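Residue numbers (my numbering), protein chains in the order written: chain A, -16 to 149; chain B, 15 to 437.
Possibly wrong hints are sitting among the right ones.
Once the Cα atoms are required to be at most 30 Å apart in a straight line, the calculated DSBU-like pairs of lysine-lysine come out as [stated by the list, open to error]:
1. A:47 to B:390
2. A:147 to B:66
3. A:146 to B:61
4. A:47 to B:61
5. A:146 to B:66
6. A:147 to B:333
7. A:146 to B:67
8. B:335 to A:47
9. A:39 to B:427
10. B:276 to A:47
11. B:264 to B:106
12. B:253 to B:335
13. A:147 to B:30
14. A:113 to B:427
15. A:146 to B:276
16. B:30 to A:146
17. B:250 to B:264
18. B:390 to A:31
19. B:176 to A:47
20. B:61 to B:104
21. B:176 to A:146
22. A:147 to B:101
23. A:146 to B:101
24. B:390 to A:-3
25. A:146 to B:427
26. B:335 to B:250
27. A:147 to B:166
Since the hints were derived computationally from the structure, they do not count as laboratory data.
Predicted model, so just to flag it, every value in this text is computed and none were measured.
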Amino acid sequence: MRSLNMVIKGKVHKFGDNVNTDEIIAARYLNATDPEELGCYCMETLDKDFSKKVSKGDIIVAGKNFGCGSSREHAPLAIKGAGISCVIAQSFARIFYRNCLNIGLPILEIEQTDKINTSDLLEIDLASGKIRDLSANENYQASPFPEFMRSIIDVGGLINWLKKMV
Amino acid sequence: MSHTIAEKILLNHTDKKDIRPGDFIWANVDFCLGNDITAPLAIEEFKRLGRKKVFDTDKIALIPDHFTPAKDMRAANAVVVLKEFAKEFKIKHYYEVGRVGIEHALLPELGLVGAGDLVIGADSHTCTYGALGAFASGMGSTDLGACFATGKVWLKVPESIKFVYNGKRNKWVGGKDLILHTIADIGVEGANYAVMEFCGEVIEKLPMDDRFPISNMAIEAGAKAGIIPPDEITFKYLKSTNWPRLKYAKNLFSDKDARYLKIKEYDCSKWEPAVACPHLPSNVKPVSALKKVRLDQVVIGSCTNGHIDDLRIAAKIIKGKYVHPGIRLIVIPATQKIYLQAIKEGLAEIFVKAGGVFSTPTCGPCLGGHMGILDKGEVALATTNRNFLGRMGHPESFVYLSNPAVAAASAIKGYISHPEEVK
């Protein structure tokens, strides 16, 4: 589990608007729960070689409403299992957003995802939300998380948060 | 302080004196549920907490409905995981094949969810219970696992958007069409993080089975919940399920001066049956605008449109006719009660004599699970809720969404058709 106090560096895999959870992990794989197994089929509907292209630590950058559709937590688990370290999007669908907080997959929202290209190298400081596009030499600032959500992110997810609360 | 119905329900489930949109609350849950896909993960998360008991053995439902009757060995194992957890923790509401139905049709039918409740489910279509006046919201397995232990959920109090449906509902236009037209208007993230509240003269006259699809598909606009404030039609339905908190339900409404993020008004008199084209539920066209879209499969069922009224309207159109030779018609009642009722009324016979299949309850093909998966290039028209790329099978297959009348007419004609085209 990751907390916010870290810096991520990775290569960009770019996607468009409204990437839904069926596309992130198709229902035919939902009888598995192991993140690594799910990771092998991540994004298969959109790019059948996606999992082979990902190096550990890479970053997904997408448009609006990323993760819309089903509540399947297998979707953020598949992304994690594929080796992706962070998802940046213009906006996230509600259930996917909270699933990421709850399982500790870092996500960030910025308006300017159009300016970031596939294969760009990004450096992300999760604590401050600062994103540096090292390939394009651009800087972006992600929207901060509300304090309550941050308390869940900081301990690595909901279950750890609950353990601390009791 | 004035409040929307959503705010009133949430306030009732906290120890706070007042709440406003944007506040974070740690709310008490009345009922929670998971299915054969999401509950195994929730159980893993619950076990990480090391609790010896669940918060309430009567307020949890484990519903194996997605891949059942078990489509393969791993699906069978998921059901066993649910069954053993139910046994170990004495969870009352676990249902085997033969008694199980699609969760969002089954729980209302059993009187387990209703007006004024706060319900969370590890399934995005949990919002269906909003049709009964509940604040019901889909979330992930970790939220469900945490709820098994605590009976609580963290929520950001959402803004509400009010949708007012005026005018007269045309023949062949159902609840499904109202929600498809609405999603077409606001888009698939038009209500992201917000509550959709549905009202107006058209809603007031709408039977319960036409209300379920409206709340059910609120999630397709990104909504957190989709609520129809309870009225006489709701009370009648709740009474039929022996709902214990009718008095409370009768006092649930949005205040006249409640604050909304937006108010949308529609004149339904202009609307005809709607069809959502691939690959988004917002890609909607009136059925008459579609020019002979050839089909391979028609599915009538799901948590959206697998209710008895849906089967009745489909059977009325199909009666005495034959399914087009090139088409597979798959009819799936949502629960055992609906299944039996359809047999008693002769609906099952109508579908089978027409050359269709009449299946036992399952989510099955809606999510590309089983019971009707599409091959490359195949095209389906379904009364389900999502037409995403690859949703019903091959990444290069196509799904259109409609109401049951359009689906039935199309099964006869072989292409997407208006019910009036079938005589």
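To see whether the hints hold, each was checked on the structure:
For the suggested pair residue 47 of chain A and residue 390 of chain B, the alpha carbons sit about 28 Å apart, so the restraint of at most 30 Å is met. Our distance criterion of 30 Å between C-alpha atoms is met by residue 147 of chain A and residue 66 of chain B, whose separation comes to about 17 Å. At roughly 12 Å between alpha-carbon atoms, residue 146 of chain A and residue 61 of chain B fall within 30 Å of each other, so this suggested pair holds. Taking the CA atoms of residue 47 of chain A and residue 61 of chain B, the gap is near 35 Å; set against the 30 Å cutoff, the hint is violated.
For the given pair, residue 146 of chain A sits about 14 Å from residue 66 of chain B by alpha-carbon distance, which is consistent with the 30 Å threshold. Between residue 147 of chain A and residue 333 of chain B the alpha-carbon distance is near 62 Å, which puts this suggested pair outside the 30 Å criterion. A threshold of 30 Å between alpha carbons decides the hint, and for residue 146 of chain A with residue 67 of chain B the separation of about 15 Å falls inside it, so the pair holds. Taken as a hint, the residue 335 of chain B and residue 47 of chain A pair is broken in the structure, with Cα atoms around 45 Å apart against an allowance of 30 Å.
Proximity of residue 39 of chain A to residue 427 of chain B is assessed by CA-CA distance (about 52 Å); at most 30 Å being required, the pair is judged violated. Using a Cα cut-off of 30 Å, the hinted pair residue 276 of chain B and residue 47 of chain A holds, with the two alpha carbons roughly 21 Å apart. As the CA atoms of residue 264 of chain B and residue 106 of chain B are separated by approximately 28 Å, the hinted pair is consistent with the 30 Å bound. With a CA separation close to 38 Å, the supplied pair residue 253 of chain B and residue 335 of chain B exceeds the 30 Å bound.
Distance hint between residue 147 of chain A and residue 30 of chain B is fulfilled; the C-alpha atoms sit about 23 Å from each other, no more than 30 Å. For the hint pairing residue 113 of chain A with residue 427 of chain B, the CA-to-CA distance comes to about 57 Å; that exceeds 30 Å, so the pair is violated. With a C-alpha separation of about 39 Å, the suggested pair residue 146 of chain A and residue 276 of chain B falls outside the 30 Å cut-off, and the hint is violated. Of the pairs offered as hints, the one joining residue 30 of chain B and residue 146 of chain A holds, with about 23 Å between alpha carbons and a cut-off of 30 Å not exceeded.
At most 30 Å may separate the alpha-carbon atoms for a hinted pair to count; residue 250 of chain B and residue 264 of chain B meet this at roughly 11 Å. As the CA atoms of residue 390 of chain B and residue 31 of chain A are separated by approximately 15 Å, the hinted pair is consistent with the 30 Å bound. For the hint linking residue 176 of chain B to residue 47 of chain A, the alpha-carbon distance of about 23 Å falls within 30 Å, and the restraint holds. A C-alpha spacing of about 15 Å is found between residue 61 of chain B and residue 104 of chain B, which places the hinted pair at or below 30 Å, so the restraint holds.
Of the pairs offered as hints, the one joining residue 176 of chain B and residue 146 of chain A is violated, with about 39 Å between alpha carbons and a cut-off of 30 Å exceeded. Restraint check for residue 147 of chain A and residue 101 of chain B: the C-alpha separation of about 29 Å stays at or below 30 Å, so the hint holds. Proposed proximity of residue 146 of chain A and residue 101 of chain B is supported: the alpha carbons are some 25 Å apart, at most 30 Å. For the suggested pair residue 390 of chain B and residue -3 of chain A, the alpha carbons sit about 26 Å apart, so the restraint of at most 30 Å is met.
Proposed proximity of residue 146 of chain A and residue 427 of chain B is contradicted: the alpha carbons are some 59 Å apart, above 30 Å. For the proposed pair residue 335 of chain B and residue 250 of chain B, the alpha carbon gap of about 35 Å is over 30 Å, so the pair is violated. With a C-alpha separation of about 16 Å, the suggested pair residue 147 of chain A and residue 166 of chain B falls inside the 30 Å cut-off, and the hint holds.
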